[in-house]
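Read top to bottom, the protein sequences are chains A and B. Per numbering that gives the first Met the number 0: the first sequence = residues 0 to 458. Per numbering that gives the first Met the number 0: the second sequence = residues 0 to 260.
It is possible that some hints are incorrect.
Below, a sample of chain A positions facing chain B; criterion: calculated Cβ distance under 8 Å [claimed, not checked]:
#, residue
1, 31
2, 169
3, 172
4, 173
5, 176
6, 331
7, 365
8, 396
Hint data in this document are derived by calculation from the structure and do not stem from the laboratory. For every residue, glycine included, the Cβ atom is placed at its ideal position computed from N, Cα and C.
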Amino acid sequence: MAYRHVVGPRTHAFADLAALMAKATPVRSGDRLAGIAAESAEENAAARWCLAEVPLREILARPLIPYEADDVTRLILDVHDGAAFAEIAHLTVGDFREFLLTATTEMLTRIAPGVTPEMAAAVSKIMRNQDLISVARKCRVVTRFRNTIGLPGTLAVRLQPNHPTDDPKGITAAILDGLTLGCGDAVIGINPASDSVQALGDLLNLLDGLIRTHNIPTQACVLTHLTTTLAAMERGLPVDLVFQSIAGTQKANASFGVTLALLREAHEAALALKRGPLGDNCMYFETGQGSALSADAHHGIDQQTLEARAYAVARTFRPLLVNTVVGFIGPEYLYDGKEIIRAGLEDHFCGKLMGVPLGVDVCYTNHAEADQDDMDTLLTLLGAAGCTYIMGVPGADDVMLNYQSTSFHDSLYLREVLGLKRAPEFEAWLHEIGLTDGDGTLLPGAGAPLLASAPDLAA
Amino acid sequence: MSDTREIWARLAGLTPARIGLGRAGSGLPTREILRFGLDHAQARDAVHAPMDAEVLAGRIAELGFETVSVASQAPDRATYLRRPDLGRRLGTADRAALEAKAAPVDLAIVVADGLSARAVHENAVPLLAAFKPYAGKAAWKIAPVVIAREARVALGDDIGGALDARAVAVLIGERPGLSSPDSLGIYLTFGPRIGRSDAERNCISNVRAAGLTHDLAAFKLNWLLTRALALGLSGVALKDESDLALNGAAAVPVLSGVPPV
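Just chain A, same shape as in the assembly (with noise of 0.2 Å):
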């Protein structure tokens, strides 16, 4: 069906609803390079009014890849919670984002099922930054491995200790540097530079060895694909979290090599082991917009709508975390800072409507039009919105995947400036090694306390 709207003396026709909702999305690189975006700026705003009056149940009934064609549409409508859509079927998407912006947490943790990644996003296009910091904030997820993520007032940090090489002395290096500058609640998590099962399982011993010498509440994962963590659960290697890139299409995700029943396979292997004391969400993924496009596999939808869908993927396997790589796949598809801050806050307001875990990489690649102060902008506001966590690299600069990320010291400045606290399992450790005040604080002392109780690793 087509829609229109009518301004003054013209027009705009939009052929159906994938076609309606690329041109109200706020305009970026990569919807430009697909040929969807909106062609002038009131072909966006006509398409913002004409998106603001189709009903919810219309986006339920009309799914933009049919559900014949892929599975992840498959996925979307058959795990549908039509109990908690009825709270707000009745709503167009101009109303729905008048009832976030008036609803409780309650609220929007009952209807997160019956939230479809099209609903989300629908709204989202016609929602400021604002909006989708307030409403994000209301949201709440909690998960549970070896710590609790997402309490009210806290912010988690992933450790991201990589080495061009993976080797065990380097990466020890900056897992001492990390926790001292008191991060690592979210995971410990290495980006390997090898693929092969030998060199994940010495960097899982590794991980699993530092957790348990110093008692330290988080957990481990080296970030290779799901079938080399298949192949090291096999031979019996400790594995916390199964990590795996996904996608929002059905062909994205066969690019990335998985399929929903490799993701049930291994979620149900990592279940197994039973390692997380505290609870058993222990899938991690990352996502990214754009990846559907660079996989030809788009289907004429825009990436912000697939990131989306890629959430509805992840929910299916209650994730311990989900982060966005917003910045990273390079300007072709976000091109500048204003683009990645907008597409970091949309990510993390989608991904909390659902009920996922949504963490960020606040993130940019040198070839992009972005630097470190577009970084502080989104890292500010992701704060403010209540994002479940944010990487830690050393210094910001990742010498494996060359890009730059958030660094420890960046999350003392947003604990700083916004009172948030770690996990609070992790709170208390640092505490008890005595890096920590009673307030959380960083004591001088250069990590003194952590290395004196490791002279194995400091040696």
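Assemble the complex: chain A is given as a structure, and chain B must be docked to it using the hints.
Then chain B, alone, in the frame of chain A:
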């Protein structure tokens, strides 16, 4: 305290990552802010500085290669960064010019700016100098070296096809890292033609003074090209086992997880 400082200095020696930086309140010390700013500035300059095709052509000619300069369909840097599809196609006139020079050859060599002209300025000529003796020994027929502006890796498919080459080697400036603004990549593709996928290429990455040396990169290129021409393929089906040929030389660090230019 001095003990702690010594420990951090030792730990910092174990990784190129920026650790043990110290702090001023929650922030970084001024020295570290400035150091990061300089590194970012150099990486940005590497992305935006134009390639000097004339100087490069002169230096490559001195090695005894004929050269020809072309450009992709991306008219400027800003378009190039937003439209990778344009960076993969030759302009019509340039394509005709190459076709006029076409004669069946074993190898076409493309020197492409990619995302770092600096990488090309510093590494393309020494790499070609190191590779030339291998090419001479194998008696490969080589097309004129093509110097390509606003180019992506896949422009080599268009170029290799136009020149009627059995294989194409694209020497291209890689996406610059904060600590590696000068890294050259070499992408080898057998049977170049429009539509080849990245899975059909072999990559030699991180060619630069502080990374993979020019001699070793030339050795690897020769090894891969010899196999590619013999087997009639390149890419995932052609595993780089050149390290074994070096009799147990240390494994070469390669960058991974980064999409191709």
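Item to check | Supplied contact hint for residue 176 (chain A), tested at 8 Å Cβ to chain B | outcome: 4 Å, holds
Item to check | Interface hint outcome for residue 365 (chain A) [beta carbon to chain B under 8 Å] | outcome: 4 Å, holds
Checklist entry - Given residue 396 (chain A) as an interface hint, is the shortest Cβ-Cβ distance to chain B below 8 Å? => result 5 Å, holds
Next on the checklist: Quick check on the hint: residue 169 (chain A) CB to chain B CB, less than 8 Å?
Outcome noted: 3 Å, holds
Next on the checklist: Less than 8 Å between beta-carbons is the criterion; does residue 172 (chain A) satisfy it with respect to chain B?
Outcome noted: Holds - the Cβ of residue 172 (chain A) comes within 8 Å of chain B, reaching about 4 Å at its closest.
Item to check | Restraint satisfaction for residue 331 (chain A) [CB to CB of chain B, less than 8 Å] | outcome: Since the shortest Cβ distance to chain B is 5 Å, the answer is holds.
Item to check | Agreement of hint residue 31 (chain A) with chain B interface, Cβ distance less than 8 Å | outcome: 7 Å, holds
Checklist entry - Does the nearest C-beta of chain B fall within a distance shorter than 8 Å of the C-beta of residue 173 (chain A)? => result This hint holds: residue 173 (chain A) lies near chain B, its Cβ roughly 5 Å from the closest one there, short of 8 Å.
Comparing the model with each numbered hint stated earlier shows that all of them hold.
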